[in-house]
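Novice: If you read the protein sequences in the order shown, they are chains A and B.
All residue numbers for the first sequence refer to this note's numbering, where the first residue is 1 and numbers rise by one.
All residue numbers for the second sequence refer to this note's numbering, where the first residue is 1 and numbers rise by one.
Hints in this document: simulated from the structure, not taken from any laboratory.
A couple of the hints might just be wrong.
What the hints assert, rightly or not - Using C-beta positions, here's what the derived DEER-type ranges look like:
#1 B:G94 <-> A:R125: 40 to 46 Å
#2 A:D156 <-> B:N214: 48 to 54 Å
#3 A:T54 <-> B:M46: 29 to 35 Å
Unchecked claim - Some but not every residue of chain B turned toward chain A, in silico, with C-beta under 10 Å:
#4 P172
#5 F186
#6 V293
#7 L295
#8 T325
#9 V332
Glycine included, each C-beta is placed from N, C-alpha and C at the ideal position.
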Amino acid sequence: MAFDNQQRLKDHFHETMIFNQRTLIAGVIMFLLLILLLSRLVYLQITNQQHYATLSDNNRVSIRPIPPTRGLIFDRNGVLLAQNLPSFTLEIVPEHVENLDKTLATLKQLISISDEDLKRFHKNRRKKRRFEGVPLRFRLNEEEVARISVQQDQLDGVLIKAQLSRHYPQGKLASHAVGYVSRINENELQKLNASNYSATTHIGKVGIERTYETLLHGSVGFQHVETNAQGRVLRVLDRTLPISGKNLFLNLDSKVQAIAEQSLADNNGALVAIDPRDGSVLAMVSVPVYDPNLFVHGISSVDYKALSTSPERPLFNRALRGQYPPGSTVKPFLGLAGLELNLLQQHHELDCPGWYMIKSDERRYRDWKKEGHADTDLFKAITESCDVFFYDLSVTLGIDNMSSYLAKFGLGQKTGIDIRGELAGLNPSREWKRRNRNLPWFPGETLITGIGQGFMLTTPIQLASATAAIAMMGERYKPRMLYGIQDEQKSPIIKTQAKPLKAVPVSDEKNWRYVIDAMKNVVHGLHGTARGIKYNLKYPIAGKTGTAQVFGIAQDAEYKKEEIAKKLQDHALFIGYAPFDDPKIAVALIVENGGSGGAVAAPIVRKVMDEYLLKLDKNPVKNVLENSGETAQ
Amino acid sequence: MNWQSDSSSTNFREENRLSAGRRLFYRFHIDLPLWIGIILLSAMGMVVLYSAGDKSVELLNRQFVRLFIAFIVMLAVAQINPSTLKHWAPWMYGIGLLMLIAVLLLGEVGKGAQRWLNLGLFRFQPSELMKIAVPIMVAWYLAEAPLPPRRGRLFIAAIMVIVPTLLIAKQPDLGTSVLIASSGFFVLLLAGLGWKLIFSVTALMAASAPIFWNYLLHDYQRQRILTFINPETDPLGSGYHIIQSTIAIGSGGLYGKGWLNGTQAHLDFLPERSTDFVFAVFSEEFGFLGTLVLLALYIAVISRGIVIAVNAQDTFSRLVAGSLTLTFFVYVFVNIGMVSGILPVVGLPLPLISYGGTSMVTIMAAFGILMSIQTHRRLVSA
Chain A
1 MAFDNQQRLK DHFHETMIFN QRTLIAGVIM FLLLILLLSR LVYLQITNQQ HYATLSDNNR
61 VSIRPIPPTR GLIFDRNGVL LAQNLPSFTL EIVPEHVENL DKTLATLKQL ISISDEDLKR
121 FHKNRRKKRR FEGVPLRFRL NEEEVARISV QQDQLDGVLI KAQLSRHYPQ GKLASHAVGY
181 VSRINENELQ KLNASNYSAT THIGKVGIER TYETLLHGSV GFQHVETNAQ GRVLRVLDRT
241 LPISGKNLFL NLDSKVQAIA EQSLADNNGA LVAIDPRDGS VLAMVSVPVY DPNLFVHGIS
301 SVDYKALSTS PERPLFNRAL RGQYPPGSTV KPFLGLAGLE LNLLQQHHEL DCPGWYMIKS
361 DERRYRDWKK EGHADTDLFK AITESCDVFF YDLSVTLGID NMSSYLAKFG LGQKTGIDIR
421 GELAGLNPSR EWKRRNRNLP WFPGETLITG IGQGFMLTTP IQLASATAAI AMMGERYKPR
481 MLYGIQDEQK SPIIKTQAKP LKAVPVSDEK NWRYVIDAMK NVVHGLHGTA RGIKYNLKYP
541 IAGKTGTAQV FGIAQDAEYK KEEIAKKLQD HALFIGYAPF DDPKIAVALI VENGGSGGAV
601 AAPIVRKVMD EYLLKLDKNP VKNVLENSGE TAQ
Chain B
1 MNWQSDSSST NFREENRLSA GRRLFYRFHI DLPLWIGIIL LSAMGMVVLY SAGDKSVELL
61 NRQFVRLFIA FIVMLAVAQI NPSTLKHWAP WMYGIGLLML IAVLLLGEVG KGAQRWLNLG
121 LFRFQPSELM KIAVPIMVAW YLAEAPLPPR RGRLFIAAIM VIVPTLLIAK QPDLGTSVLI
181 ASSGFFVLLL AGLGWKLIFS VTALMAASAP IFWNYLLHDY QRQRILTFIN PETDPLGSGY
241 HIIQSTIAIG SGGLYGKGWL NGTQAHLDFL PERSTDFVFA VFSEEFGFLG TLVLLALYIA
301 VISRGIVIAV NAQDTFSRLV AGSLTLTFFV YVFVNIGMVS GILPVVGLPL PLISYGGTSM
361 VTIMAAFGIL MSIQTHRRLV SA
């Protein structure tokens, strides 16, 4: 036993030795591993703390843009033309809905939900996270909002979201001038300042809305928000408020605009009224008009097809882009050219037999009056619009003098008005024909240019601007839509400055007086072509009628065959300004296929001038408002 | 060595050397230093869990109940004499092995792995039993013969470790199989396994790594290892855990973001934040200094375990105490290592802190065994 005990004790001692040795080694290894862990922690928490703190902040803080409120648009009298209204969108937050089918069924009983709405809803639902609202219906009316609000307790997860959307309270009034906003498209997205537009969905597409997009839009605001891993916003850390767009006041007088639109309602055509003293555009009408509100929420394909394929071309801004032969309205300018260039004497008379011939040509160039005007000087030729006198004058002047003098009035050039898309028209010359047609200029072409036909094309804005120049004895101003800019409601309106253009040189004022006296005689003279409008006139008007022949159908080739007959009727034109001795308004009007300028166009211009100068109609704008309300339903 | 000459067969003499308070604990077989360490760690765990669980009182209640049960288990185990435990060793091991086979054949599937055995009243995870049974079994077997063990014995002991390890790896539960393999290995190591053998086996394992990779690992396990090597390859997928937890730890800095102020944790960026990744919450909120305190507590508990092992009176107790203590260290090291991104993600909780039941009971049972070894000491009887 003793031996055995000894053996065991020895073993025991040995085993303890081994165990303690091994434990020591294990301890050392554990110690080294702990050092490893600690150095990792030092590396993470002390050496790189800054780096990881940044990552952690990036994790939780994200920047959300806040859209700025778009500036309002007013006319010169403060009548609202474009505003922002809350529009209601119905959204569903899937996370808060217990039974989606049941909720949808309940909603269907309360408001109309189309299959298209449902399809879009289910498509969007897959893209969004569970706590995000998925839109189901847009543009709820107040009744629908009320119905849903009453049932709200049964509709968990159903939200009505209000956001601002563009609204044009005057409806179709001045739609071509004001333009409209619509959803930003791919093309625009690439050109935009992405950051400033990060919260914006709509952008000005045409008209003032487009030209002054930068002013109207404003600057985006930002808020730093804390989000969790799913992106849910938990709280706002700080925010930079957006800067609203500027309010714009237009030179437009909506009463004048309304009268003009109403007077032209049955026709296609365009009217531009300008204050000759500074170029302010008082009215810019292109009929037919359209309702810009249709475009804001995305126009339906049916509506768009109707607008874009209509032979009346309601989306076409005739005031800036319609290029028409000026017809006889060009005559006062050419008469002035003859006098100013000393190629024509005021008393020079010509016997008008009703036709005119030139040596190189067998053709008879006819006067509009078959029997002729008998003895005619320039005064009579303008008053009665004698063609033969101007055939002769143009032969005297020659095409080079004619085109260079007409160019001084801005004909055949863009006026530079602050709405995009203006066309230049055409003031033909020898040079132009050689370059563009590769043909020499024929003498006969000079003749027809003398009565505003042939190659010559002008836009209504050009004619109005040229008329203003004649009223101002050569002084010219760039036509301006913008009256002033307002930073915010109630702050002062900063007016825009008139921009003088190169004046038409005056060699002898008597020549001008002579021509404008003749234009006055057009309205007030016994034989004036617009004498029909002089009755009860409270102020004198100077003007000129025009009746432009429509030679072909090239310009609007898509007109249908059965319409060609109407299409071939003459365009009726009238240019004029008033009051004669203190010009405040200059107007150019074209009524497409309207017939005679004196009978059709002049009366409309008088109505417009009456409204502007006498303010007869107390509230035409209000009427328009009510009308637009009805059409929007 | 003075007390050894006394002939008292009880541990009264030992108790006499202790203060009155500690004597009381001794009577209930509680080791006071270990007890204090465990209590402090559990308390810290509750504090972190309150934050990690988004101030959920319910979660705290459940954790408290689990801790309570685990403490009862620990006390119960502490009452069992180590020699009794030694007698139970083959039975525990045998039953555990049978249950592991049963799990593979008819176990319940949860989270893509087959780990549970439905015993009617409750679900049981046999691998948890094996965490204790394997070291006890190997220690019993090796303590039968003089140490260091001979080759034949070593071979059989190795089989005893490898069989349950493979069965658990097959479930698949990589974390637990690593723990069981290491607990068995620790017994062999402490018993005096030759260095030559250790190195040659290590070399063999390294050589067989490709086979292991190709045939024994599940896809998700392979993915975890790949992700560990370069988390950025899949920042939103399997790399997400590691990236977010290193951000949490790193952004905590020296002083931390403060209790309940961890943004990574509270804004849901951190996954598994009350269970396996609770250390990241702790580091984010309490910083490097807090982490030092936590590690110090773990070191204290482990040191006490080593002291108990060194003071143990027989080979079996020594081996068991040493192995259990070292395994506890593996728990802590592997968890913190994986959360801080120096080890691949294997699903191991942070002992005494992580929310969760089964493994906590096992860990506390192991502490119970340590306490039993410490408090059942008496003079060597022939």
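Novice: Taking the hints in turn, state whether each one holds.
Specialist: Now the hints, each set against the structure:
| no. | hint | verdict |
| --- | --- | --- |
| 1 | B:G94 <-> A:R125: 40 to 46 Å | violated, 57 Å |
| 2 | A:D156 <-> B:N214: 48 to 54 Å | holds, 53 Å |
| 3 | A:T54 <-> B:M46: 29 to 35 Å | holds, 32 Å |
| 4 | P172 | violated, 26 Å |
| 5 | F186 | holds, 8 Å |
| 6 | V293 | violated, 12 Å |
| 7 | L295 | holds, 7 Å |
| 8 | T325 | holds, 9 Å |
| 9 | V332 | holds, 9 Å |
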